[in-house]
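Colleague: Take a look at the letters that make up each chain.
There are 8 protein chains.
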Amino acid sequence: MQEFEFDWHRQQRTGVAEAVLCEGKTVEQIKSILAQANQRQASLLLTRLSLAAMRECSENFTNLESHDASETAVLNNGLPALAVSDCLIVTAGSSDMKVAHEARQTLLYNGLDVPIIADCGVAGLWRLTDKLELLNAAPLIIAVAGMEGALFPVLAGLVKGVVIAVPTSNGYGVAQGGKVALGSALSACSPGVVAVNIDNGFGAACAMLKMMPVTRRSAQ
Amino acid sequence: MQEFEFDWHRQQRTGVAEAVLCEGKTVEQIKSILAQANQRQASLLLTRLSLAAMRECSENFTNLESHDASETAVLNNGLPALAVSDCLIVTAGSSDMKVAHEARQTLLYNGLDVPIIADCGVAGLWRLTDKLELLNAAPLIIAVAGMEGALFPVLAGLVKGVVIAVPTSNGYGVAQGGKVALGSALSACSPGVVAVNIDNGFGAACAMLKMMPVTRRSAQ
Amino acid sequence: MQEFEFDWHRQQRTGVAEAVLCEGKTVEQIKSILAQANQRQASLLLTRLSLAAMRECSENFTNLESHDASETAVLNNGLPALAVSDCLIVTAGSSDMKVAHEARQTLLYNGLDVPIIADCGVAGLWRLTDKLELLNAAPLIIAVAGMEGALFPVLAGLVKGVVIAVPTSNGYGVAQGGKVALGSALSACSPGVVAVNIDNGFGAACAMLKMMPVTRRSAQ
Amino acid sequence: MQEFEFDWHRQQRTGVAEAVLCEGKTVEQIKSILAQANQRQASLLLTRLSLAAMRECSENFTNLESHDASETAVLNNGLPALAVSDCLIVTAGSSDMKVAHEARQTLLYNGLDVPIIADCGVAGLWRLTDKLELLNAAPLIIAVAGMEGALFPVLAGLVKGVVIAVPTSNGYGVAQGGKVALGSALSACSPGVVAVNIDNGFGAACAMLKMMPVTRRSAQ
Amino acid sequence: MQEFEFDWHRQQRTGVAEAVLCEGKTVEQIKSILAQANQRQASLLLTRLSLAAMRECSENFTNLESHDASETAVLNNGLPALAVSDCLIVTAGSSDMKVAHEARQTLLYNGLDVPIIADCGVAGLWRLTDKLELLNAAPLIIAVAGMEGALFPVLAGLVKGVVIAVPTSNGYGVAQGGKVALGSALSACSPGVVAVNIDNGFGAACAMLKMMPVTRRSAQ
Amino acid sequence: MQEFEFDWHRQQRTGVAEAVLCEGKTVEQIKSILAQANQRQASLLLTRLSLAAMRECSENFTNLESHDASETAVLNNGLPALAVSDCLIVTAGSSDMKVAHEARQTLLYNGLDVPIIADCGVAGLWRLTDKLELLNAAPLIIAVAGMEGALFPVLAGLVKGVVIAVPTSNGYGVAQGGKVALGSALSACSPGVVAVNIDNGFGAACAMLKMMPVTRRSAQ
Amino acid sequence: MQEFEFDWHRQQRTGVAEAVLCEGKTVEQIKSILAQANQRQASLLLTRLSLAAMRECSENFTNLESHDASETAVLNNGLPALAVSDCLIVTAGSSDMKVAHEARQTLLYNGLDVPIIADCGVAGLWRLTDKLELLNAAPLIIAVAGMEGALFPVLAGLVKGVVIAVPTSNGYGVAQGGKVALGSALSACSPGVVAVNIDNGFGAACAMLKMMPVTRRSAQ
Amino acid sequence: MQEFEFDWHRQQRTGVAEAVLCEGKTVEQIKSILAQANQRQASLLLTRLSLAAMRECSENFTNLESHDASETAVLNNGLPALAVSDCLIVTAGSSDMKVAHEARQTLLYNGLDVPIIADCGVAGLWRLTDKLELLNAAPLIIAVAGMEGALFPVLAGLVKGVVIAVPTSNGYGVAQGGKVALGSALSACSPGVVAVNIDNGFGAACAMLKMMPVTRRSAQ
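Chains as they are written, first to last, in my numbering: chain B, 1 to 220; chain C, 1 to 220; chain F, 1 to 220; chain P, 1 to 220; chain U, 1 to 220; chain S, 1 to 220; chain A, 1 to 220; chain R, 1 to 220.
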């Protein structure tokens, strides 16, 4: 029985290549996918790869480049040259860094270097308003926030760029699991916020790639 | 069978008098309570009194003073003299006015004149920052907001006063019923926010009364 | 007491003008806002305006242009010239038309004429695949779907453009209120879908406006 | 005290034999059931048997045949001869294989060899449409999908056979636990989808067995 | 703009014709669909058609046959001849009759006369056991139950036929909306129960039609 | 088709007669049941009978005795003689009276006169402690409370009798629908509280009847 | 600081002695309570005592009698003599035994020997009907069931005794955590079922003790 | 990339210093924050610091003072002198002590010594009423309770001081996670209760600090 049928033409069809969500897969399944990719000399992005699985796979695949802080890895069979971008990733707190890094690694894999502006939560509003010039220059901003997610409406009320909200599961009590932050993104009183799933840094990066104007993307 | 046993000593015991939550009571039950109060020459605050019930009761009780915008009424058998307060009620949007008015009427009934600062939602942050001096002078602020409730953490991150958050049921989709705004109040990243139930302007006012320093309250 | 403090500079600051969400406001409040706008000779978009309120307001404001099918209205004090767009609005079923029209009216108000492609639900997949060429030419697509919301992942797996998902509250049983369709948008297996709140056609249109490349927008 | 009263006549009564759901039972309880079955020389299917419990039981019962990938085992005291079937099991992604295998093992135990067609998720629709001939030949299809579960309505809109939907708990954020995939199955816009509980491969197989026309089943 | 694109080939493709779910559609939209169908001389089934809409449509379409108790109607441009069936519809209580009738009308529209056995709830188990012979003769049973939905597991534990469970929204308190009955169907301890959405009599009938063995169906 | 199969032997079998839950039934269905009962000269209890339906039925059945405050009615074809009981019904507030009356009417129908002690909510604890002697003499107490339902644990911590908790749907915000009060009953820190469904005064009365010691019941 | 203030008079006041819920307490806290009890020569029941904590406490307290299967223990400073009872504990499946044993141990601690009738789930209805005589002789029955909890309404429809329902957290998918089984108990169509919290065998036993007629209890 | 931007002026701006919520941060992130604080010779409060992380950090930072029972630590670079307070912390049960200690440690860090009155749950009401004089002398009371949270309304109905409710996640079944206790706090029938998030002892302490009258606070 063939367990995987990889969608090798997804990039061509949709503009974003298929990646491997490792959560829910056995290490054997992941290795089998990596072997198939190497056979085609195709590069692959792996997300939600536990540190244990990361170590096990690295032993077998020398062209696997791991990134601990985001629990991602790249099977490198050639990647696009890096272009610097005027887009941004903004986080509310340091607990949101892992998800922000997942977004950043996905963008790097696709040839785009997008900086992370950390720790801009609204509890100290000056941390956000101090960077207004920088924020206003970005046509697209990935905002990463857990707990009450107030960063989403506040940011969207201040800048012209699109705010792609990534709620995170950081928080406890009523905020546990990220439902409050997601609710904040979806019912933000500032118009034009769009949201992806809780903790979905990968999806936010894919959305950013798809939103990028054709001319700008070709500059990469 | 005696259907009501009013807690006439609640004010003395807890500092806040019992009020009548009219929702869920028949007009007959409300009238019976009003009659008992008049018999004792006691004043009474009625909350969540539908306009229909309001009209019906007003016909029978000439000392019932109605307030449409808040769906409250006062059975006036003598009220404390009004004192001006340095406390504030702040709302995010005009849909939150009814709840804000319920808080204000409750405070007026207890002798305290607290102004409402309307329409300070974070979508236009300048509406909040423009009033920072005023807001910072208030030792206690009732903040009323629906939808994503970002007003709570933002306000609490800006001022020294206590923020009593009243989430409202304004909003649709995931925000319907007020659970997102409540979640925002409870998981606010700015410390020191306290919350009452959704749409509970009355409760917020009671909390404000109880928090008021003894010296200030005696000034009323 | 001043009940409204309109955010007249929101367009300049964020690229999208403030609109009036009429749900939760009394007709008196709406009229007061319209009067203020007329005084400034400012145009205004009103959303979720019940037919009853629409009729009442129309009597007082002759420059109010109503649109029944979307429950929106425009206070017309001058609007941008209309530009035809290569963007699209796609709906799963005819029950989703009201929300699709809200998006379309918002775009029209902002000078963009975006057509609606109706009734493309996945139950008859040919309705979608038949239009693949048209769909693939659109850089931005607003997809409107209720019930199980399978349109979101299927569409996003077929086209290069950004899919802005608007889940609708159409559906019964477990789908009642739109939570299943929203879940489908957020956990879509095709990367790059972004979502707005349930029934939020207005928000989807604002997001589309913000995503539009600068060059294209100036062409309006 | 007798802890178990096995329903040995269930197959005769309902067409499907009782199986042992091991989750929630101690190893001692499972062993005791196995011993009782061996005493009656009855075969038994065990589901949700953890690998640890599997190993422990295997040491004591030499006629216990384990299947790791599905966490099932069969106490073999004679099984029906295998018949090849024109029915199918279809999965959306490789994370759904465990549940698909549970269904397949249950069918094998009952004498039916049903193949698994893996990795047919709608993100790459061609993976489904490429197999349309094969899919259309199956009178009964078990479809296994997590995340947004769009496979259910899409498949049911393409084929004549019954679609027995098994939502899986694969997914994170709003999809965590399988509620979104279940909702997708239950509110599918394509008529005729039926659903079983989340991750219930066993139940789907039982339903397939019961739906099989009498003549076909006797052919086994 | 064309609002509807009817899926006229669905019957041929999937074995069940498209029907019109009227809930969420305006009377104008429904009339427009009916007119299109008459133009093609096609018959149509309408479900969840409110009595008001029913009356309004009946005035314009003389070949529209209404059925009040199920809130369905049939636009009759020729229907299949009726065949008597050995299948059954079973209800727990009289409050479940509307949903049972929706199933029955859908089957009648497709040429199958399936009787309803009413009021078999488990509170008086004899009502079920008294009919065991009748129930055991049915290869397919649609079971309709609200409240705690215990009918599903009990029935499935007694008979050989497939049990298609239709949970209903009848019930109050924790049972309100049908979630408990649905949960009962999905987690039934008797294997082989399959479920459709809450109150979805139409879907259950479609599933029954699809499950019917080819030979039996051609006998219609 | 026979729509009802009444369980006339339920009293004999379970000790409590079947009653008719009118919510969800049409007036025609209710009348049909009443006619059947009169034909057998059987008495019947009807619960959740709307005032409109009550009036309509009363016109046709002269032996139907209505009770507005509880929305119940009794078809009187002979009832047991009334016995005074040492059991009690206790309510937290006047909004809970309707549910308390449903319990009382059910008990009266079964020959037991149980008084209601109203308005004992814990906000004024003296209302409860003042009646401790009375409360302690009752072997069985039905406690009816909405909102936060603190009456259940407090009462159970004070008395020897069984506390049958009936949470009510009175309350707003997080308490809306009665889930908080139900949660309070089920997780009461005082042992020995048992709960019935939200607003289920009928069920509480049935439970009380079943708990009554044989000797005491024969005394009726 | 004194961390515990034991309620030594609870038995006298409410008829049931205070027990120690060990979940959520540190081993140090538990030991401190045990020491206090020994000092007063008081017996104590401990529930939800993890096996690890059990072992640690047993080393220090020689009069602590552990019961593994129920995760309870008794600090024995004298217990009432055991009386045999005509009451029963009934379980749906073997996964429910732990909770059933918690109930049984609580009853034993209070001097009452109540047998457990295991594995009576409704999937094989004969397991229940075979024991009807036995079941009908019991004035009080604790019924323990997880998954869909159909045992509660079926049992209550068959017997005269009170059914005290204990839903358990056994089950997966929608049944996970016990909410479906609890819903089944609360909305059971058979009147007179009362429920305690999920997995609360202790509470069910306390309720049974309180319901026991005075004469019978004195016989212990 | 700079991961942290500490809000050093928060105390001056809002009256409460920023603290470090360690849950969700890696030990490396925590150490980096501690190093930055030491560099500024600033004191810091750390909350939700796991015992493992506590030990690891203590090795590197000699001025880190740990408090196991509350999982907090203080980086001591000078703290305010301690003042005794007439405020109180009250807990329902011993499982609530950890959260109570978090509140107490936060107050100590801010120079206020507030005693904990333990084990005052309403199951033994005398434990509360015995201390009425003490409780009535406190202008502000932090009440900590899990399970059904009845302590909140009962306490608030007895005393004049403000009740700051901290629901805890202690409890199982429907009370698991603290939602019932939170609901009890928010819908308390006694007016003037305010709530913070589940298990948020830190937030309650911050709220208490902000509520303290200016004159009283300067007395510290």
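Just to be clear, a hint being listed does not mean it is correct.
[Claimed, not checked] Okay, derived cross-link-like pairs now, EDC-like style, lysine to aspartate or glutamate, Cα gap no bigger than 16 Å in a straight line:
1. R:K131 - R:E59
2. F:K131 - U:D119
3. A:K131 - P:E5
4. A:K131 - P:E65
5. C:K160 - R:E18
6. S:K160 - S:D119
7. S:K131 - S:E65
8. P:K160 - U:E56
9. U:K160 - P:E5
10. U:K131 - S:E56
11. B:K131 - R:D119
12. A:K160 - S:D7
13. P:K131 - B:E5
14. B:K160 - F:E5
15. F:K31 - U:E5
16. B:K160 - F:E3
17. U:K131 - S:E133
18. A:K131 - A:D119
19. S:K160 - A:D119
20. R:K160 - C:D7
21. C:K160 - R:D86
22. U:K131 - U:D119
23. P:K31 - P:E65
24. S:K131 - C:D7
25. S:K131 - C:E133
26. F:K160 - B:E5
27. S:K160 - A:E18
28. P:K31 - P:E3
29. R:K131 - A:E28
30. R:K131 - A:E5
31. U:K160 - P:E18
32. S:K131 - S:D113
33. P:K131 - B:D7
34. A:K131 - A:D68
35. F:K131 - F:D113
36. C:K160 - F:E3
37. C:K131 - F:E18
38. F:K160 - B:E18
39. R:K160 - C:E5
Think of the hints as simulated: they come from the structure by calculation, not from any bench.
Colleague: For every hint, state whether the structure bears it out.
Modeller: To see whether the hints hold, each was checked on the structure:
1. R:K131 - R:E59: violated (43 Å)
2. F:K131 - U:D119: violated (49 Å)
3. A:K131 - P:E5: holds (12 Å)
4. A:K131 - P:E65: violated (36 Å)
5. C:K160 - R:E18: holds (13 Å)
6. S:K160 - S:D119: violated (21 Å)
7. S:K131 - S:E65: Violated, at roughly 33 Å.
8. P:K160 - U:E56: violated (35 Å)
9. U:K160 - P:E5: violated (21 Å)
10. U:K131 - S:E56: Outside the cut-off at roughly 35 Å; violated.
11. B:K131 - R:D119: violated (49 Å)
12. A:K160 - S:D7: holds (15 Å)
13. P:K131 - B:E5: holds (12 Å)
14. B:K160 - F:E5: violated (21 Å)
15. F:K31 - U:E5: Since the Cα atoms of F:K31 and U:E5 sit roughly 40 Å apart, the hinted pair is violated (cutoff 16 Å).
16. B:K160 - F:E3: violated (27 Å)
17. U:K131 - S:E133: Measuring from Cα to Cα gives roughly 54 Å; hence the hint is violated.
18. A:K131 - A:D119: holds (12 Å)
19. S:K160 - A:D119: Status violated; Cα separation ~33 Å.
20. R:K160 - C:D7: holds (15 Å)
21. C:K160 - R:D86: violated (22 Å)
22. U:K131 - U:D119: holds (12 Å)
23. P:K31 - P:E65: Roughly 14 Å between the alpha carbons, so the hint for P:K31 and P:E65 holds.
24. S:K131 - C:D7: Satisfied, since the Cα-Cα distance of roughly 15 Å is no more than 16 Å.
25. S:K131 - C:E133: Roughly 54 Å between the alpha carbons, so the hint for S:K131 and C:E133 is violated.
26. F:K160 - B:E5: With Cα atoms ~21 Å apart, F:K160 and B:E5 exceed 16 Å; violated.
27. S:K160 - A:E18: holds (13 Å)
28. P:K31 - P:E3: Distance ~12 Å between P:K31 and P:E3 Cα, so the pair holds.
29. R:K131 - A:E28: Distance of about 26 Å is beyond 16 Å: violated.
30. R:K131 - A:E5: Holds, at about 12 Å.
31. U:K160 - P:E18: holds (13 Å)
32. S:K131 - S:D113: Status violated; Cα separation ~19 Å.
33. P:K131 - B:D7: holds (15 Å)
34. A:K131 - A:D68: Distance ~28 Å between A:K131 and A:D68 Cα, so the pair is violated.
35. F:K131 - F:D113: violated (19 Å)
36. C:K160 - F:E3: violated (25 Å)
37. C:K131 - F:E18: violated (21 Å)
38. F:K160 - B:E18: holds (13 Å)
39. R:K160 - C:E5: Outside the cut-off at roughly 21 Å; violated.
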